[in-house]
Amino acid sequence: MKKNLLTIFAVIFITCTSGAQVINQNPLSSRITGYKIDARLDPVNKTVTGKMEAFWVNQTGETVDNIQLHLYMNAFRSNLSTFNRGSGKVTDSTVLGRIDISQFTLGDGTDLLPLTHYIQPDDGNLHDSTVIQVFLPQAAKPGDTVSIYAGFVTKLPSSIRRTGYTKDFFFVAQWFPKFGVYEPAGMRRRTSGGWNCHQFHSNSEFYADHSVYDVTITVPDNYVVGSGGMLLDEADCQDDASYKTQKWRAEDIVDYAWTAWPGYAQFTDQWRHVKITLLIPPERKDQVSRQFTSIKNALEYLTMNVGPYPWPHVTIVDPPLIGSGAGGMEYTTLFTSSSTWKIPSFIHMPEMVTVHEFGHAYFMGILATNEFEDPWMDEGINTFWEERILDHYWGERSGMIDHPAFRMADKSSARSSYVYSPDRQVVSNKENSWSYPKGTYSMMSYMKTATWLSTLMGIIGEETTNDIFREYYRRWAFKHPGPDDFIDVVNEVVKKNHGDKFGPDMKWFFDQTLYGTGLCDYKVADFRCFRQDTSITRIIEADTIVRGKPLKDSLYKCIVDLERIGEVMLPVEVLVHFENGNENLLTWDGKERIKSLELFSNSEIEWVKIDPDFKIRMDVNFINNSKVYVTDRTPVRRMSNKFIAFMQLFINAFVL
Amino acid sequence: MKIFKSLESGFTRSLKAWKGILLLWLGYLAIVSLVAIPVKGFFNTALSGSMITERLKDGIDAEVLGDIGSGFRYLVSAFPASLVVLILVGIILGVFFSGGIFSSLRISAGRFSVRSFFDASARYFWPFLVITLMAGLIIILLFLVIIVAPISIIMASGEVSEKAPILTIVYSVAAFLLISRIFILVADYARAWQVSQDKPDCFKALGFGFTRTFKTFFTSYFMVLIVFVVQMAFSLLVLYILTRWKPATGGGIFLLFITSQALFIFRLVLKVWRYGSVSALKEIKDAEALPPVETPQIPQA
Chain A
0 MKKNLLTIFA VIFITCTSGA QVINQNPLSS RITGYKIDAR LDPVNKTVTG KMEAFWVNQT
60 GETVDNIQLH LYMNAFRSNL STFNRGSGKV TDSTVLGRID ISQFTLGDGT DLLPLTHYIQ
120 PDDGNLHDST VIQVFLPQAA KPGDTVSIYA GFVTKLPSSI RRTGYTKDFF FVAQWFPKFG
180 VYEPAGMRRR TSGGWNCHQF HSNSEFYADH SVYDVTITVP DNYVVGSGGM LLDEADCQDD
240 ASYKTQKWRA EDIVDYAWTA WPGYAQFTDQ WRHVKITLLI PPERKDQVSR QFTSIKNALE
300 YLTMNVGPYP WPHVTIVDPP LIGSGAGGME YTTLFTSSST WKIPSFIHMP EMVTVHEFGH
360 AYFMGILATN EFEDPWMDEG INTFWEERIL DHYWGERSGM IDHPAFRMAD KSSARSSYVY
420 SPDRQVVSNK ENSWSYPKGT YSMMSYMKTA TWLSTLMGII GEETTNDIFR EYYRRWAFKH
480 PGPDDFIDVV NEVVKKNHGD KFGPDMKWFF DQTLYGTGLC DYKVADFRCF RQDTSITRII
540 EADTIVRGKP LKDSLYKCIV DLERIGEVML PVEVLVHFEN GNENLLTWDG KERIKSLELF
600 SNSEIEWVKI DPDFKIRMDV NFINNSKVYV TDRTPVRRMS NKFIAFMQLF INAFVL
Chain B
0 MKIFKSLESG FTRSLKAWKG ILLLWLGYLA IVSLVAIPVK GFFNTALSGS MITERLKDGI
60 DAEVLGDIGS GFRYLVSAFP ASLVVLILVG IILGVFFSGG IFSSLRISAG RFSVRSFFDA
120 SARYFWPFLV ITLMAGLIII LLFLVIIVAP ISIIMASGEV SEKAPILTIV YSVAAFLLIS
180 RIFILVADYA RAWQVSQDKP DCFKALGFGF TRTFKTFFTS YFMVLIVFVV QMAFSLLVLY
240 ILTRWKPATG GGIFLLFITS QALFIFRLVL KVWRYGSVSA LKEIKDAEAL PPVETPQIPQ
300 A
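Line order of the protein sequences matches chains A and B. Residue numbering for the first sequence follows numbering that gives the first Met the number 0, starting at 0 and increasing by one per position. Residue numbering for the second sequence follows numbering that gives the first Met the number 0, starting at 0 and increasing by one per position.
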């Protein structure tokens, strides 16, 4: 009887969560998974007690005999977990967290606990318990639905690393048992079907199917709650009047996180159909307009150039100082920013974090790539768009910092991080997130990717780049694209817009940038001009110029020597400027190690520039991209004079 | 009234000591150039023959600096050590020249002569160094007590409000700046006393500095505070001008150099103004402390 009731309940639940629409008129995704969770926060014991009903639908053509789920919170269970080993941080027992499953059954009541065991698919670390595998009593045939029920207690860690608590601040993420992604053969170019359910690593994020979440959260009355869902109802808790219960619903998102803190001030704003909610410490009121402006700019830019933001709600959490470990993280319809009290307006750090984290609603929220295996597809692509948004709205040269004494574009910070890194050639972008050698994950997945994407835009043009992302969105929204799927879109759109101008496809580009470790470095080695009677009119020795007497009708033969120092070969423009003011823009396929260009002119060459508009941002040295025999030393002299004056003032301050 | 009289006298005396100020300026220019010229040479070499300097016309460009590569990395890594050396040399230079300057600020000092300036600088170097070190030590302790300790405590307490740490920093720095003036005043009085003595005795000078500071606290402190406010306002003005002014021509660059050095010289004048004002106030107080001169009586026939 009990089994029958549970089965009936499961069918009703699946029907309700997968079909019924509350937020959007039509489902945005195929809803392979769904969750209904009843959670209660215990602020004294720092636990979340949960009851979860969830389902996974086998939408593949394969029979699946097991299911795999993430227990992310177990990453904080011991210092020997893969996460803690990777982070290199030894923590004492007071900061540890865990998830304990007390009850685990199928929808029909079959106890799954005896059929469950931990697996470590990535590193075989037996101390890691972040993934469980459950062999089903009956294999799930194509079209079958596997319904599960789990009772669990999540103990939050006290040192917030994305999730946890400090005092009465709670950020609850990665807190419930969560299905991995079953990938059938062919999906993301897999040769055979199987679960994609990786362990939790310190250098990895997540991968999940788009789901519907019906979450009931019970917290003390005085707590302000924010979540990735829409608030449907709020009432006093039935069994304890000092608690309140809120019903939330989120549709077609890949993760569900929430926060609770009595100290939040709540602000709201509207952008077209999107209601924006901001939770922020009250003392940061002066940051509210900055946060709203940032997200509205991001919404506008991404809607225009990628695709519409499909949800009618989004929540920004700007955590207090004590919860800063939760800052800068994304959960699609909820994300965390990072500002501080009175942070000067010329530092666009809060804007940058907000734009970046919101951008993840697209790049892995809507276009749900595998963050474990292809971190460049979310972090790198998202950083590329963050740069474009920051520099578009806050200034081409001042997207990151805008002070009269110092300005910096957002795109400069990414490129400089890549160019400046001594590890820039250690690995390629084709790495699992946890496989990057120490100190290279961020530089490679964020910075290098953003830099080569900017380079790609420099080559194929801004409009074609936007077309690529519009098509990528149209084709892959609410699905799981892989690297080859993105490259396919690039190939098609470039061919459509430019024909064979860049060859049959763009493989040559991705082989060198995404899959390669080579450097791109072009150099103007030299230039010289001869009067046509072959007598040399310009001799350059030790920076001294000896000019021949220019004749009005002289004809000069000029030779420009270009050099490819790096391994990467990209097409570049070469601008030759003559003393009479004429300019000649040439193109070079960039393949030869040394290339000599021959030009005829009525005037001698004054300077030569490779890539005059700095489109090839992968070039690791812009300094040698140009050549002139009389360098303008004015800027260096000016900096030197200022340096002297500042140093004099500085030293004088130490003298009594 | 004594405050303004001393300030006025101090300013006049500082202007009279202009040759000493120029020598001090030359000294600073020389030591800073020891670092600035190689740095300038480094950038000139690194950017030589390139049009990239176009991107530096509006100021520093982070990408250009990054592109310089390993050379810039070495420069950055060597900079902190160079800065410490510069500060130490600057302090020693300041100690040396302040002997000559304090000596030339006395009311009894005659016309400025370079020989007597250097003579006094050499004579008072060691006592002035000890006075500077003692006052500096007290100021460092003050820094630890007033700034480092409260900030460490508030950070360790895991305070919920983020206003608290920031306001603590602001108030601590303000308190430090105000309280440290007292010990700078002690050092000034000590040095003013020392140059009025034939025999160097730094500890006696420090004793005088403390006694005179606290005996005439309100007059002395408020006088020094006025100078400090003017100095701070001027320094901020200089920083404002220098950060925003971006000349693009050779003539403009030269004007920038002249102006920046003129502004720095005036900043030195303001420092010597403080020396002069303290010296003047000391002399006024010394005169007040002298017993009244009795008019000799002419014996009656």
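One or more of the hints may lead you astray.
Dumping the calculated DSS-like pairs for lysine-lysine here, alpha-carbon to alpha-carbon at most 27 Å [said to hold, decoys possible]:
#1 A:K246 x A:K50
#2 A:K274 x A:K295
#3 A:K341 x A:K243
#4 A:K429 x A:K590
#5 B:K270 x A:K284
#6 B:K270 x A:K522
#7 A:K494 x A:K506
#8 B:K162 x A:K166
#9 A:K274 x A:K35
#10 B:K162 x A:K522
#11 A:K478 x A:K140
#12 A:K274 x A:K154
#13 A:K35 x A:K246
#14 A:K495 x A:K590
#15 A:K274 x A:K166
#16 A:K614 x B:K56
#17 B:K284 x B:K270
#18 B:K162 x A:K341
These aren't lab readings, by the way, just hints derived from the structure by calculation.
Results of checking the hints against the structure:
Using a Cα cut-off of 27 Å, the hinted pair K246 of chain A and K50 of chain A holds, with the two alpha carbons roughly 14 Å apart. Taking the CA atoms of K274 of chain A and K295 of chain A, the gap is about 11 Å. The hint holds against a cut of 27 Å. Proximity of K341 of chain A to K243 of chain A is assessed by CA-CA distance (about 34 Å); at most 27 Å being required, the pair is judged violated. Restraint check for K429 of chain A and K590 of chain A: satisfied, since their Cα atoms lie roughly 24 Å apart, inside the 27 Å limit.
For the suggested pair K270 of chain B and K284 of chain A, the alpha carbons sit about 42 Å apart, so the restraint of at most 27 Å is broken. As the CA atoms of K270 of chain B and K522 of chain A are separated by approximately 51 Å, the hinted pair breaks the 27 Å bound. Annotation: proposed proximity of K494 of chain A to K506 of chain A holds, straight-line Cα distance about 12 Å (limit 27 Å). Annotation: proposed proximity of K162 of chain B to K166 of chain A holds, straight-line Cα distance about 17 Å (limit 27 Å).
As the CA atoms of K274 of chain A and K35 of chain A are separated by approximately 24 Å, the hinted pair is consistent with the 27 Å bound. For a cut-off of 27 Å, the pair hint linking K162 of chain B to K522 of chain A is broken: about 51 Å separates their Cα positions. For the hint pairing K478 of chain A with K140 of chain A, the CA-to-CA distance comes to about 22 Å; that is within 27 Å, so the pair holds. In summary, the hint linking K274 of chain A to K154 of chain A is not supported, as the alpha carbons are separated by about 32 Å, beyond the 27 Å threshold.
For a cut-off of 27 Å, the pair hint linking K35 of chain A to K246 of chain A stands: about 11 Å separates their Cα positions. Only pairs whose Cα atoms come within 27 Å are accepted, and K495 of chain A paired with K590 of chain A is accepted, the gap being roughly 25 Å. At roughly 30 Å between alpha-carbon atoms, K274 of chain A and K166 of chain A are farther apart than 27 Å, so this suggested pair is violated. A C-alpha spacing of about 20 Å is found between K614 of chain A and K56 of chain B, which places the hinted pair at or below 27 Å, so the restraint holds.
About 21 Å separates the Cα atoms of K284 of chain B and K270 of chain B, which keeps this hinted pair within 27 Å; it holds. Distance restraint check for K162 of chain B and K341 of chain A: the Cα-Cα separation of roughly 9 Å lies within the 27 Å cut-off, and the hinted pair is therefore satisfied.
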